[in-house]
Amino acid sequence: MNSLVILHSLRDPASFTVNRKAQKIFVHREQYSLNPSDKNALEAALRLGGSVTAIALGGAPAEDYLRLARAMGAQSAVQIKAPATEDAGTVVSILQNALEQIGSMDLILLGDEVLDADLAQVGPRLAQERGWALIAHAHTLTVDGAVARAIVQTPNGYHQVEADLPAVISIAADSNKPRYAHGRDIMRFYKAADAVEGMEAEAVESSVEARGESYPPERELGVHLSGAVKDMARQVADVMAKN
Amino acid sequence: MDISDLSTLMGEDLAAENFADIWVAVPDVSAAPLLGEARRLADSLGCYVHAVVIDEGLSEKAIAFGADRVHITRDAANHLAGQHPEFTFLPVAMNVEAAQLAQSLRAGLITDARNVSIDDGTRALFGSHPVYGGEYLRDVVVTSAAKVATLDARFLPEPYADASRTGEIMPGDGTDGAESKVRDLGAVDYTPQAWRPLTKAKTIVAMGRALKDAEGFALAQQLAQALGAELAGERGARDLGWVDEAHEVSVMNAEVAPQVYLALGIRGDTYHNAAIAGAKCVIAVHPEADASIFKAADYGVVADPKDFARALLAELK
Numbered sequence: 001m002n003s004l005v006i007l008h009s010l011r012d013p014a015s016f017t018v019n020r021k022a023q024k025i026f027v028h029r030e031q032y033s034l035n036p037s038d039k040n041a042l043e044a045a046l047r048l049g050g051s052v053t054a055i056a057l058g059g060a061p062a063e064d065y066l067r068l069a070r071a072m073g074a075q076s077a078v079q080i081k082a083p084a085t086e087d088a089g090t091v092v093s094i095l096q097n098a099l100e101q102i103g104s105m106d107l108i109l110l111g112d113e114v115l116d117a118d119l120a121q122v123g124p125r126l127a128q129e130r131g132w133a134l135i136a137h138a139h140t141l142t143v144d145g146a147v148a149r150a151i152v153q154t155p156n157g158y159h160q161v162e163a164d165l166p167a168v169i170s171i172a173a174d175s176n177k178p179r180y181a182h183g184r185d186i187m188r189f190y191k192a193a194d195a196v197e198g199m200e201a202e203a204v205e206s207s208v209e210a211r212g213e214s215y216p217p218e219r220e221l222g223v224h225l226s227g228a229v230k231d232m233a234r235q236v237a238d239v240m241a242k243n
Numbered sequence: 001m002d003i004s005d006l007s008t009l010m011g012e013d014l015a016a017e018n019f020a021d022i023w024v025a026v027p028d029v030s031a032a033p034l035l036g037e038a039r040r041l042a043d044s045l046g047c048y049v050h051a052v053v054i055d056e057g058l059s060e061k062a063i064a065f066g067a068d069r070v071h072i073t074r075d076a077a078n079h080l081a082g083q084h085p086e087f088t089f090l091p092v093a094m095n096v097e098a099a100q101l102a103q104s105l106r107a108g109l110i111t112d113a114r115n116v117s118i119d120d121g122t123r124a125l126f127g128s129h130p131v132y133g134g135e136y137l138r139d140v141v142v143t144s145a146a147k148v149a150t151l152d153a154r155f156l157p158e159p160y161a162d163a164s165r166t167g168e169i170m171p172g173d174g175t176d177g178a179e180s181k182v183r184d185l186g187a188v189d190y191t192p193q194a195w196r197p198l199t200k201a202k203t204i205v206a207m208g209r210a211l212k213d214a215e216g217f218a219l220a221q222q223l224a225q226a227l228g229a230e231l232a233g234e235r236g237a238r239d240l241g242w243v244d245e246a247h248e249v250s251v252m253n254a255e256v257a258p259q260v261y262l263a264l265g266i267r268g269d270t271y272h273n274a275a276i277a278g279a280k281c282v283i284a285v286h287p288e289a290d291a292s293i294f295k296a297a298d299y300g301v302v303a304d305p306k307d308f309a310r311a312l313l314a315e316l317k
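In order, the protein sequence lines correspond to chains A and B.
Quick note on the working numbering: the first sequence kicks off at 1 and runs consecutively.
Quick note on the working numbering: the second sequence kicks off at 1 and runs consecutively.
These aren't lab readings, by the way, just hints derived from the structure by calculation.
Treat the hints loosely; a few may be bogus.
To be verified - Computed list of lysine-lysine pairs in DSSO-like fashion (alpha-carbon distance at most 30 Å, straight line):
{"id": "1", "chain 1": "A", "residue 1": "LYS242", "chain 2": "B", "residue 2": "LYS181"}
{"id": "2", "chain 1": "B", "residue 1": "LYS200", "chain 2": "A", "residue 2": "LYS24"}
{"id": "3", "chain 1": "A", "residue 1": "LYS177", "chain 2": "B", "residue 2": "LYS202"}
Whenever a hint applies, use it, and build me the whole structure from the sequences.
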């Protein structure tokens, strides 16, 4: 079985501070991390066995995490050198082009949320484009012959679902415990020149562009609620709903 | 002249443009603010608002909230894909369907948008969506022919219902409801994240000495279950045997950074307050107004934590 895991690297939340009052983002250091649920997707793919290919768009941070994926057990890794984009449709076009070269896949796995951009759409869009089944928010995943089974989170609790392969499956964050790569493998794949295959992306037009940042209102520190306990509970319930 | 005549008059323009009007998926009444927003934008653009409803009973309400035409269908996303919507708004619960719709319309999509606006001249869609769990918002502009957005109704103004508004109700076409490629085998009993560390929890209900007894402990447990939260405690709760070492919030044990930290009956010593510095929103409940937890809290409630827990449980139901 061939599975593809799409990885996304992002600026580490610990490496910057958002100052809502100054309406600015202060970056302390250039530090990146792997999108959290993507790591769970990689783990899910590795647990299924078969041939696992990791793929990522972007520059140096993406390459680092592809090497890490190799160290964790992926059989191959492909880095698509493409500029960062806000448009998930563009990402899907680029991935579609790349998939033609990589070969046929039975499963495409990815994290079901993307922390730093509006790219959680990639999974559903890719499934739609390829005409594949989409299992979203999967917590467990097994493959039995040509059928994928998963427990997914729905608004009505957890449900068991199944779909025929090929399928796109988005894995929920923290649904499994990603393995640690052995230090020896990490060193090996960081040094190996052929650990990651590079691929140039064809130019694809983008219809979504970033225009900057805006900031939610500053935290209101030390608001003392008043009134009857019941009213205060209602206010707290409202606050919780907004967070 | 009713609106169908207008459509005929405008027909040629529509054919040239291919995409027209603002379409809103309204699976239930909680999506009403989306209709209000669509109405506001449609008035400045001079176009129609179409509501796509699943429940026929919502038709009249959809018109009152601003729809010119209501389409009744079992599969909103599939129905929308068959139309030519220039702008489509869906509630955030339909993020997955929205992405599939956007792909088939070759549209740009903004998910979880907290506000949207449309440029009258270029007809580009502007919106802001949260990143890093709402740390800040990224502003984007969509310039494709069709534009889709999922809107977070919590951040939109309350819509104005005008019972005297009139609109057209289109009968259900009955052909909708493409068979899903995914088979749902029913609900299962599943408890996730048994190993998930407290440091990763999104919501935490933390217990302190002022909860006093087993009844307070039980209330906190119920609250955590109702909120889908992790249960934790301060030193006092650990002394009472309510939490283990790994769930004691303190700089020595667990330093936490949840979205919401609800402190029930925690007085708030230095070690505890420093361990919750990363929390996005701290809500503190303690009977004593001078408790130091209130200095670290975003919202302070001076009340008996047991009474408050009961009231909040009732409120959540």
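The hints, checked one at a time:
1. A/LYS242 - B/LYS181: violated (34 Å)
2. B/LYS200 - A/LYS24: Given pair B/LYS200, A/LYS24 holds - Cα atoms ~26 Å apart, limit 30 Å.
3. A/LYS177 - B/LYS202: Given that 30 Å is the threshold and the Cα spacing comes to 17 Å, the pair holds.
When each numbered hint is compared with the structure, a violation occurs for hint 1 only.
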